[in-house]
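Novice: Just so you know, the protein sequences line up as chains H and X, in that order. Read the first sequence against numbering that gives the first Met the number 0 and you will find it ends at 71, with the numbers running on by one and no gaps. Read the second sequence against numbering that gives the first Met the number 0 and you will find it ends at 401, with the numbers running on by one and no gaps.
Worth flagging that the hints you see were computed from the coordinates, not collected in a lab. Hints may be right or wrong, so weigh each one.
Said to hold, decoys possible - Taking lysine-lysine and the DSSO-like style, the derived pairs with C-alpha atoms no more than 27 Å apart in a straight line are:
#1 H:27 to X:28
#2 H:27 to X:123
#3 X:191 to X:136
#4 X:290 to X:360
#5 H:23 to X:151
Unchecked claim - Covered by chain H, per the in silico footprint, the following chain X stretches (three or more residues, Cβ under 8 Å):
#6 35–47
#7 74–84
#8 117–123
#9 275–282
#10 327–336
Since the model is a prediction, treat every value here as computed from it, not as a measurement. We put the beta carbon where it would ideally sit given N, CA and C, even for glycine.
One-letter residues, chain by chain:
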Amino acid sequence: MKFIKGIFALLFIAFLLQSCVSVKAYQKMYLNDNEMQLTTKKSAQFETNFEAYREGAQGANGGKVGGGCGCN
Amino acid sequence: MFPKATGILFLFCICQTTFLFSQDNYEMKPNSDETVIDFLSSYYNQNGDHSPVTGGIGTQHLTDFATGITVNVPLDTVNALNISWGADFYSSASTDKIDNNVSSASSSDVRVYGTVGYNRKNLKRRETYGIHVGASKEYDYTSFDIGLSLTKEFNDDNTEISFNGKVYLGNWKLIFPIELRSEVKLPTDKRKSYNAQLVFSQVLTKRLQMSISGDIVYMRGLLSTPFHRVFFQDQSQHDIERLPNTRLKIPIGIRLNYYPFDNFIIRSYYRFYTDDWGIDAHTVVIETLVKITKSWTVQPFYRFHTQTQADHFAAFGVNKASQQYYTSDYDLADLHSHKVGMGLRYAPLYGLARIKLHLPKTKIFQLKSLEVRGGYYTQNTGLNSYFISLDLTMGIRNLTGN
């Protein structure tokens, strides 16, 4: 429960921060790098699948969460 | 716990709606004219000694060769199609134990799947709407899914909120262990899964950005695996795995990507997971990317995962026949795991190769990048595996396009 509270606290801080940051499009050369994308890498897609099959926890990473296979 | 977490998430949504009315003056980027194709392939080899098919003991040897293709086709500046399909070819020493024939039909299987999605942008409102449908088929399980998505960007594209909703409708072909086929029954062969995801992304500095992702997943129906066996303390007649017919999962993930120096990137990820089967889990991933030249990138990575066991899990011969629910599937056990590996990406500025296509409109076909990734995964339960994956990215664009 403490971890959930901590995560939502972080989320609330991010919510406050968003009004303070304004990086212009021409300043985003680092942020727009392919490797800076905020998603699981495509090359890691199948790893995410076998982790979902072999562990009891899934989700929040673009992979399987529930459904689409006979896995739990 | 779940009503509180849901309430806080709802409060977050309400707070964020204030920013939907903010006075942003920037223009949302339209689609580029490039069709992007990703060819993915992977080989996976696993070993272990806790097969759930034989009650939590026995070989877990499995090999899987997976391939997939994803195509993103921009139809114009605001409409796009996304199509993906693939197949997994796997052989499993443990599923071969469903019946008594070694190397029978149950020792291998193929799973095929496909998804078609459509996205449309509203450049003035800075919103993207999406819909997709998909299907998956393997010998004993068929699934259909449909999903909707809505993405809103604001604050000069420094902030983005995305909502995804998805429903899976699945059907088991009930295959029981051969010795129990005349004795066991299940009330249903269907499974439904309802997924809702909220993602909040935020630029923090010119070199640092983060995202927070929260899912709520509700599953209902046949959630156990019909051919998993469970053996009891009193050595009475064993049974198939029996699990509750509902499950509520809540994973929450945080990503933080940082570009501290030229040629060096740190990608980090943390996930907390909880569900009403008693599993709480923590997952941490660290990837460092080193651009050794303008074209070559080396990417070592490490992942750690730990989870508590599900309420109804027990090892071979520990469950009691008097229990309503029982499983000896070590995926639901108290475990921790480590994954370590390395990736290598080659992405020269003008691609690996380029060909001019003389179609009604002259186009350029380009092999844009090649990435190879391999690693080793191990659990304290004794399961270990190695894997190698490949991602070849291609593009087709107009000769005079961006």
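Novice: Work down the list of hints and note, for each, if the structure agrees.
Specialist: Each hint, compared with the structure:
The straight-line distance between the Cα atoms of residue 27 of chain H and residue 28 of chain X is roughly 14 Å, inside the 27 Å bound, and the hint therefore holds. Only pairs whose Cα atoms come within 27 Å are accepted, and residue 27 of chain H paired with residue 123 of chain X is accepted, the gap being roughly 21 Å. Taking the CA atoms of residue 191 of chain X and residue 136 of chain X, the gap is near 15 Å; set against the 27 Å cutoff, the hint holds. Our distance criterion of 27 Å between C-alpha atoms is broken by residue 290 of chain X and residue 360 of chain X, whose separation comes to about 36 Å.
For the hint pairing residue 23 of chain H with residue 151 of chain X, the CA-to-CA distance comes to about 18 Å; that is within 27 Å, so the pair holds. Counting residues of the region 35–47 of chain X whose C-beta sits closer than 8 Å to any C-beta of chain H gives 5, which meets the bar of three, so the coverage hint holds. Given as covered by chain H, the region 74–84 of chain X fails the check, having 0 residues with a CB less than 8 Å from a CB of that chain where 3 are the minimum. Evaluation of the coverage hint for the region 117–123 of chain X: breached, as 0 residues show C-beta separations to chain H shorter than 8 Å, against a requirement of three.
Coverage of the region 275–282 of chain X by chain H holds [criterion: at least 3 residues with CB-CB distance below 8 Å; count 5]. Coverage of the region 327–336 of chain X by chain H holds. Counting CB-CB distances below 8 Å, 6 residues qualify, and the rule asks for three or more.
Comparing the model with each earlier hint shows violations of hints 4, 7 and 8; every other hint is respected.
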